[in-house]
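All chains should be modelled from the sequences, with the hints used to inform the complete structure.
These protein sequence lines are chains A and B, in that order.
Under the numbering used here, the first residue of the first sequence carries the number 76, and numbering increases by one thereafter.
Under the numbering used here, the first residue of the second sequence carries the number 76, and numbering increases by one thereafter.
Think of the hints as simulated: they come from the structure by calculation, not from any bench.
Where a beta carbon is used, it is the ideal one built from N, C-alpha and C, also for glycine.
Estimated spans, in silico, between C-beta atoms of each pair:
no.: 1; chain 1: B; residue 1: Pro-236; chain 2: A; residue 2: Glu-153; range: 42 to 48 Å
no.: 2; chain 1: B; residue 1: Gly-412; chain 2: A; residue 2: Leu-89; range: 29 to 35 Å
no.: 3; chain 1: A; residue 1: Lys-347; chain 2: B; residue 2: Pro-236; range: 55 to 61 Å
no.: 4; chain 1: B; residue 1: Gly-302; chain 2: A; residue 2: Asp-370; range: 53 to 59 Å
no.: 5; chain 1: A; residue 1: Thr-235; chain 2: B; residue 2: Arg-376; range: 58 to 64 Å
no.: 6; chain 1: B; residue 1: Asp-126; chain 2: A; residue 2: Arg-325; range: 35 to 41 Å
no.: 7; chain 1: A; residue 1: Ala-111; chain 2: B; residue 2: Val-228; range: 46 to 52 Å
no.: 8; chain 1: B; residue 1: Gln-233; chain 2: A; residue 2: Lys-347; range: 52 to 58 Å
Rough simulated footprint, nothing fancy, chain A against chain B, three-plus residues with beta-carbon under 8 Å:
no.: 9; region: 77-86
no.: 10; region: 127-137
no.: 11; region: 183-191
no.: 12; region: 198-206
no.: 13; region: 264-270
no.: 14; region: 390-404
Number of protein chains: 2
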Amino acid sequence: MTSRRLGRQTVALLRPPSVVSYANIGGKFEANGPLAGHFDLLCTDSFFGKDTWEQAESAMQQEALTRALEKGGLTPAELDYVLAGDLLNQCIGTAFGLRDFQIPFFGLYGACSTMGESLALGSLLLSGGHARTAACMTSSHYCTAERQYRMPVPYGSQRTPTAQWTATAAGCCILGDQGDGPYITHVTCGKIVDMGITDVNNMGAAMAPAAYDTLSALFRETKTGPGDYDLIVTGDLGALGHAIVTDLFRRDGVDLSRNYQDCGMLLYDLEKQDMHAGGSGCGCSAAVLNGYLLDGLRRGRWRRLVFAPTGALLSPTSSFQGESVPGICHAVVFSAGKEGET
Amino acid sequence: MTSRRLGRQTVALLRPPSVVSYANIGGKFEANGPLAGHFDLLCTDSFFGKDTWEQAESAMQQEALTRALEKGGLTPAELDYVLAGDLLNQCIGTAFGLRDFQIPFFGLYGACSTMGESLALGSLLLSGGHARTAACMTSSHYCTAERQYRMPVPYGSQRTPTAQWTATAAGCCILGDQGDGPYITHVTCGKIVDMGITDVNNMGAAMAPAAYDTLSALFRETKTGPGDYDLIVTGDLGALGHAIVTDLFRRDGVDLSRNYQDCGMLLYDLEKQDMHAGGSGCGCSAAVLNGYLLDGLRRGRWRRLVFAPTGALLSPTSSFQGESVPGICHAVVFSAGKEGET
Numbered sequence: 076m077t078s079r080r081l082g083r084q085t086v087a088l089l090r091p092p093s094v095v096s097y098a099n100i101g102g103k104f105e106a107n108g109p110l111a112g113h114f115d116l117l118c119t120d121s122f123f124g125k126d127t128w129e130q131a132e133s134a135m136q137q138e139a140l141t142r143a144l145e146k147g148g149l150t151p152a153e154l155d156y157v158l159a160g161d162l163l164n165q166c167i168g169t170a171f172g173l174r175d176f177q178i179p180f181f182g183l184y185g186a187c188s189t190m191g192e193s194l195a196l197g198s199l200l201l202s203g204g205h206a207r208t209a210a211c212m213t214s215s216h217y218c219t220a221e222r223q224y225r226m227p228v229p230y231g232s233q234r235t236p237t238a239q240w241t242a243t244a245a246g247c248c249i250l251g252d253q254g255d256g257p258y259i260t261h262v263t264c265g266k267i268v269d270m271g272i273t274d275v276n277n278m279g280a281a282m283a284p285a286a287y288d289t290l291s292a293l294f295r296e297t298k299t300g301p302g303d304y305d306l307i308v309t310g311d312l313g314a315l316g317h318a319i320v321t322d323l324f325r326r327d328g329v330d331l332s333r334n335y336q337d338c339g340m341l342l343y344d345l346e347k348q349d350m351h352a353g354g355s356g357c358g359c360s361a362a363v364l365n366g367y368l369l370d371g372l373r374r375g376r377w378r379r380l381v382f383a384p385t386g387a388l389l390s391p392t393s394s395f396q397g398e399s400v401p402g403i404c405h406a407v408v409f410s411a412g413k414e415g416e417t
Numbered sequence: 076m077t078s079r080r081l082g083r084q085t086v087a088l089l090r091p092p093s094v095v096s097y098a099n100i101g102g103k104f105e106a107n108g109p110l111a112g113h114f115d116l117l118c119t120d121s122f123f124g125k126d127t128w129e130q131a132e133s134a135m136q137q138e139a140l141t142r143a144l145e146k147g148g149l150t151p152a153e154l155d156y157v158l159a160g161d162l163l164n165q166c167i168g169t170a171f172g173l174r175d176f177q178i179p180f181f182g183l184y185g186a187c188s189t190m191g192e193s194l195a196l197g198s199l200l201l202s203g204g205h206a207r208t209a210a211c212m213t214s215s216h217y218c219t220a221e222r223q224y225r226m227p228v229p230y231g232s233q234r235t236p237t238a239q240w241t242a243t244a245a246g247c248c249i250l251g252d253q254g255d256g257p258y259i260t261h262v263t264c265g266k267i268v269d270m271g272i273t274d275v276n277n278m279g280a281a282m283a284p285a286a287y288d289t290l291s292a293l294f295r296e297t298k299t300g301p302g303d304y305d306l307i308v309t310g311d312l313g314a315l316g317h318a319i320v321t322d323l324f325r326r327d328g329v330d331l332s333r334n335y336q337d338c339g340m341l342l343y344d345l346e347k348q349d350m351h352a353g354g355s356g357c358g359c360s361a362a363v364l365n366g367y368l369l370d371g372l373r374r375g376r377w378r379r380l381v382f383a384p385t386g387a388l389l390s391p392t393s394s395f396q397g398e399s400v401p402g403i404c405h406a407v408v409f410s411a412g413k414e415g416e417t
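Set out below in structure tokens:
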């Protein structure tokens, strides 16, 4: 037995994979934020020394993987799989970033849930006995996202109060079948949830129902509640989405108010940095996890943590065609100890 | 033990998952091709009754999954996972096509290798003991691909002789941990291979080195050669890419000439249908597999078959920025019997 299926969405891993190494990269705004001390590299040049922002995003993924390998004392040849994706059309941030590493590669598209999706699949592959090591990673870049999803940056478009700021960041987490933790003990795979939100400047509202759906499944299927975790972190819902998730659980009589945070609210000082509803982008939750959160787990600040990044599965084309915004949220449970079930 | 890692890229599945059901959908040109008798649905309306081609592509995925479920006597609630992706920006063909099914979903981006990637990950999840059923699927649409990658269809742009024709097609394969076969016995995960091809109208040449790389790894790591398989099928290399792969192996003293075909050459009558180098798009290999190839395996025409679809990991943006075209190829071995190792 490698795992125990607890319900429709949650699998308990009986041989929990361990975090072996991790690294994150950030840009100028991340350097000015409250988590600056938890980055491996902060680069104020938005081009990362390259000619285009897309190339810069690839360079960030390349650098995040290189640093994670170095910190873990590993070579690319020692990685059995890399699972990665990003927000760019056809995921070119990932394809060009990973091109030179010669590692067997599974490309993912989970929008801003990608860090959770890659950890979910990576830990399932490892605990299933198919691999000893897997790198899970993603990135986003403010300037590539703006020109692809919204307006060219030089236009200086005004933002709505519900808008979020795409992080210029990348994160990489290397999992192993051996290691000293933290361990991934549970994986809850998300379903697509679409409550009909059509405002593309309000991703928090669009994705919050997916976070609620996945966290509800996790709690229900593991027979746990918020009190069983030291910290529950969604990924880039921002202030508005965070409030909606809190409210949806309150209606169920579940109190999230004491230990629930969101990566989009952690990465920046929302008021001082004028970040409106908060951070977003695949790189937001990836950078917060592969620095601040894993640092805290390793140092004993938290023993048990739910990491649940959320993604909005839209494109500019789908929005122009009048579609609403489907969301998804993949959750993994990190634990300082190896207990597969509780 | 769930699997045995035979080398850097290949895993032999000791509990080979079985094909439980499959279905495919095609459009007008697929209906006029030589495989028309191997489709579940052929629709001559390029809009599939919807308002836009993107919605049509979603409808095709929806229909392919619905038919595969029906043929297998399954409900969506009986599927543990669906693994899918497509070529559209942010994979909206998949997101909107699967939105209503409420199945735990892992989104993939492997370009035209997606059918292979989904089968690879799906069979690893099943043989790892994490699930009992998984649907693996993808789609492409000529008109959505043309306007996204090339020119709006009404322009009637002239095509180069090396160009391929994006299939309007979708395919879905449902795998189970129980079943009467065919079985997936081996998975070879591809690496990104980029030989510097920059001609975006010559995808066959760009992807052929990836097919050569993955098939070489499969042969080397399983200690087999082309003669050990009844059929080896790459996915949408077309006539030119097929010739390049054959030639690359010939240089190694390996003769592929007797049992090697390509989905891009099977789907259409290249001469009569004026398809230039052949078919392409995620839906090409998906439709050929989930009809012609699986029909043949079930009917005993072939006992052992390598399915190795190829993807080009470019975007219009990467090409405009002068980048070359990285390729990837994921291979799975189908076998009429359950032999995990040979």
